[in-house]
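J.: Sequence lines, in order, name chains S and X. Heads up: the first sequence begins at 1 in our numbering, then just goes up one per residue. Heads up: the second sequence begins at 1 in our numbering, then just goes up one per residue.
If you are wondering where the hints come from, they were derived from the structure by calculation, not from laboratory data. Computed from a prediction, not measured in an experiment: that's the story for all the values here. A few of these clues could be false.
Partial list, computed: chain X residues near chain S (C-beta under 8 Å) [to be verified]: (1) GLU27; (2) ARG147; (3) ASP218; (4) THR220; (5) GLY221; (6) GLY224; (7) ASP231; (8) THR234; (9) ARG256; (10) ARG257.
We put the CB at the ideal spot given by N, CA and C, even for glycine.
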Amino acid sequence: MSEHQFRTRDELDKDARQLLSEIDVDALKPKDRAAIPQQDMPSQNPVDRRQNMDEVTLGYTEAQARLEALRCIQCKSAPCIGGCPVAIDIPGFIQAIVDQEYHTAAQIIKRTSLLPAICGRVCPQESQCQENCTVGRMLKDKFKSVSIGRLERFVADLDRTSSEAATPDVKPDTGKRVAVIGTGPASVTAAADIRKEGHAVTMFEAFHKPGGVLVYGIPEFRLPKKIVEEEIDALVRMGVEIRTNYLVGRTRRLTDLIEKDGFDAVFIGTGAGLPRFMHIEGENLVGVFAANEYLTRSNLMKAYDRENAATPIFEPKIVAVLGGGNVAMDAARTAIRLGAEEVNVVYRRTRVEMPARVEEVDHAEEEGVKFHFLRNPQRILGDENGHVCGIECLAFELGEPDDSGRRRPVPIPGSESIIDVDTVIVSIGNDSNPLIRQTTPSLETTKWGNIVTDEDGKTSLDRVYAGGDIVLGAATVILAMGEGRKAAASINQLLATET
Amino acid sequence: MHTILRKEQLSENVYRLTFDAVDIARERQPGQFMILQVDTEFGERIPLTIADADENEGTVTVVFQVVGETTMRLAAHEVGDDIPAVLGPLGRPTHIEKFGHVVCVGGGIGVAPLYPIVQAMRNAGNYLTVIIGARTKDLVILEDEMRALADELIVCTDDGSYGRKCLVTEPLKEACESSEKPNLAVTIGPPIMMKFCAETTRPYGVSTMVSLNTIMVDGTGMCGGCRVTVDGETKFVCVDGPEFDGHAVDFDNMMRRLNAYRKHETAARDTCRVLRTPDAAAKAGTGDAT
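Starting from the given sequences, assemble the full structure and let the hints guide the process.
T.: Following this line, the structure appears as structure tokens:
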């Protein structure tokens with residue numbers, strides 16, 4: 001945070017070691033635990049990281065992790081578990097950290113979560129496990145809760161690099177075959193759970209690399225691609241087959257997978273892949289991009305590596321990013337790293353209402369991203385060559401709460417102002433991709449194009465299940481994983497009843 | 001694996017490749033395209049329209065012009081080499097029915113994607129006028145193939161070195177003015193040509209379908225890079241197209257968007273040429289197969 005002076009990982013570690021040596025672990029009362037200072041996440045210096053794509057956060061040191069774990073009072077009610085979409089035994093793995101049983105801690109997490117190294121990095125813990133943490137409530141600040149996500153990452157990273165990391169057991173072959181469409185978080189979770197039961201699993205990915213949003217959407221500096229590759233490799237070691245460059249709906253119709261190719265069940269986890277635009281004047285000018293395009297060019301296509309990558313990326317000077325979610329932060333911070341002189345985030349509500357994680361907003365601000373709150377673009381202005389030269393924004397004030405419980409922004413008449421920019425990155429969300437819907441008329445969808453499922457994740461088609469953003473609308477990695485897990489359980493149950 | 005079975009150089013910068021793609025050959029319909037990559041680590045994804053396919057052989061054919069780094073590297077591929085990534089078929093197929101008189105206009109490399117549409121229009125029982133245009137005689141492609149299908153074939157070159165010396169819009173206008181006024185015009189070629197074809201047919205009320213080839217990354221609706229303005233609305237070429245009503249497309253906007261990376265492409269092509277020593281060419285040819 002900006003009021004903090006930047007401290008290196010070594011400095012944070014030194015303090016943690018000192019404090020740890022002064023604590024009598026066995027004598028700690030809940031009040032003492034809550035009084036242990038929350039451990040800051042070590043990170044790259046903002047000045048340096050503006051210039052590179054390396055991961056921003058560096059992970060706790062062992063001393064920090066133990067101190068942070070000691071902050072947990074092991075309360076009986078464990079509200080953290082209820083806040084976790086996959087119900088990890090959080091007090092259990094935290095106690096294992098206190099006991100320095102790190103492998104055990106990893107095993108506890110892996111009982112219910114397949115991708116801890118990823119979730120420890122990208123989950124919005126402040127609105128999930130950490131939201132109702134008893135320690136946070138004692139301190140009357142949910143941001144002072146036990147840093148469960150950072151601890152999860154600590155454990156997962158140790159586990160990744162240790163030789164003890166094992167491939168999950170797979171039951172003997174059942175002779176059943178399941179198709180999983182998409183290779184993002186929902187699909188990866190579903191594939192693993194189904195494969196564990198001994199069914200053959202084939203995953204279909206439209207891109208040339210698996211991982212979905214983890215690969216094309218989330219930047220390297222927030223989630224190193226090596227980690228995603230390791231998770232995918234684990235699936236392959238379990239015997240999951242991955243077919244890239246295969247677009248179900250076009251390369252093969254969904255129904256043909258069952259009727260002609262002999263799959264016994266299908267899971268659709270294709271995500272929310274159709275960028276939303278604002279339908280304002282000028283949005284097709286040269287220099288206006290969907291965040292999806294900008295991020296995909298940089299992440300999946302590696303356009304940031306100008307020496308090697310064939311895919312070009314627009315080189316902006318002054319950028320406006322429209323939107324206030326994590327994707328907007330990712331786009332803004334990518335633009336900074338690609339050499340933009342000035343990056344402006346334009347959001348129609350205030351900082352408090354931003355859907356982005358607080359940590360991402362803080363990181364963006366540290367890196368020099370400017371925020372314009374209570375502003376909404378009315379039109380994008382172009383020069384005589386059809387290139388972006390500015391955006392005209394209207395100022396807003398907050399009125400009554402809307403359906404989402406957030407106060408609705410109300411325009412202030414006559415408050416138009418212009419920000420001079422040469423690039424606009426639109427990051428106001430995604431709608432569901434229409435491809436499977438268009439090519440599978442019998443599949444029931446909502447008027448927004450999301451696939452309709454019952455509580456078991458089953459769609460209107462026999463043997464076809466769905467989960468993740470294609471059902472929920474754009475949500476989070478961990479919610480998608482929870483959905484994948486639920487549908488996988490239903491598929492396993494269906495296949496178990498058939499011999 | 002997408003192993004190249006046949007390679008032909010049709011003109012100075014235009015190549016025809018036929019390669020294995022069993023799934024695409026089975027599913028593809030006229031008007032659809034694919035996305036290709038010659039290197040899955042750092043390569044670019046480029047859209048290419050399917051020029052032909054053979055379901056029995058399990059192959060598809062593309063015709064492409066060398067314009068940037070990727071097409072240059074693709075052109076360096078030889079028979080027996082593999083193309084590491086091919087996705088398709090993409091886009092909505094052409095609407096084929098018996099319209100009556102259909103004029104099909106192809107310009108330059110656009111004659112290639114026009115071919116399967118001409119085939120299908122033929123099979124649907126239409127009377128076909130095919131107009132193919134090129135800058136000069138050496139750049140005329142697929143003339144024999146088209147002649148075999150068309151009721152009437154008109155070849156034009158800009159310099160008059162072959163066929164009529166005129167732009168394709170001239171015979172198109174004549175067709176619109178003839179007693180057998182076309183029920184439909186289909187035009188594929190450079191954006192500027194499609195724009196003027198649409199302007200030519202507009203006064204005669206001849207509905208005109210154009211097939212757009214815009215900048216794309218994924219080709220599945222995810223990136224939005226391919227968007228065009230059609231009738232004042234934003235459309236995605238990859239999932240809403242690639243074919244649109246030519247009278248409703250904002251071609252000027254589309255042409256500007258196509259040029260967004262022109263500087264980069266020119267630089268890449270120049271670098272690529274400089275690097276085209278035997279070593280570099282060998283690397284481009286075999287180093288990508290994964």
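J.: With 8 Å as the cut and Cβ atoms as the points, is X:ASP231 at the interface with chain S?
T.: 13 Å, violated
J.: Mind checking the CB of X:GLU27 against every CB in chain S and telling me if the closest is under 8 Å?
T.: Holds, because the Cβ-Cβ distance from X:GLU27 to chain S comes to roughly 6 Å (cut-off 8 Å).
J.: Hint validation: X:GLY221 versus chain S, beta carbon distance must be below 8 Å. Holds or violated?
T.: Where the cut-off is 8 Å and the nearest Cβ of chain S is about 5 Å from X:GLY221, the hint holds.
J.: Going by Cβ atoms only, is X:ARG147 closer than 8 Å to chain S?
T.: 32 Å, violated
J.: Does the nearest C-beta of chain S fall within a distance shorter than 8 Å of the C-beta of X:ARG257?
T.: Since the shortest Cβ distance to chain S is 6 Å, the answer is holds.
J.: Is the shortest C-beta separation between X:THR220 and chain S less than 8 Å?
T.: 5 Å, holds
J.: Given X:THR234 was flagged as interface, is its beta-carbon under 8 Å from a beta-carbon of chain S?
T.: 6 Å, holds
J.: Hint X:GLY224 vs chain S: min CB-CB distance below 8 Å?
T.: Nearest chain S Cβ about 4 Å off; hint holds.
J.: Any CB of chain S closer than 8 Å to the CB of X:ARG256?
T.: The hint holds - X:ARG256 has a Cβ within 8 Å of chain S, the shortest such distance being about 4 Å.
J.: Please verify that hint: X:ASP218, Cβ, nearest Cβ of chain S, below 8 Å or not.
T.: 7 Å, holds
Against the hints set out earlier in the document, violations occur for numbers 2 and 7.
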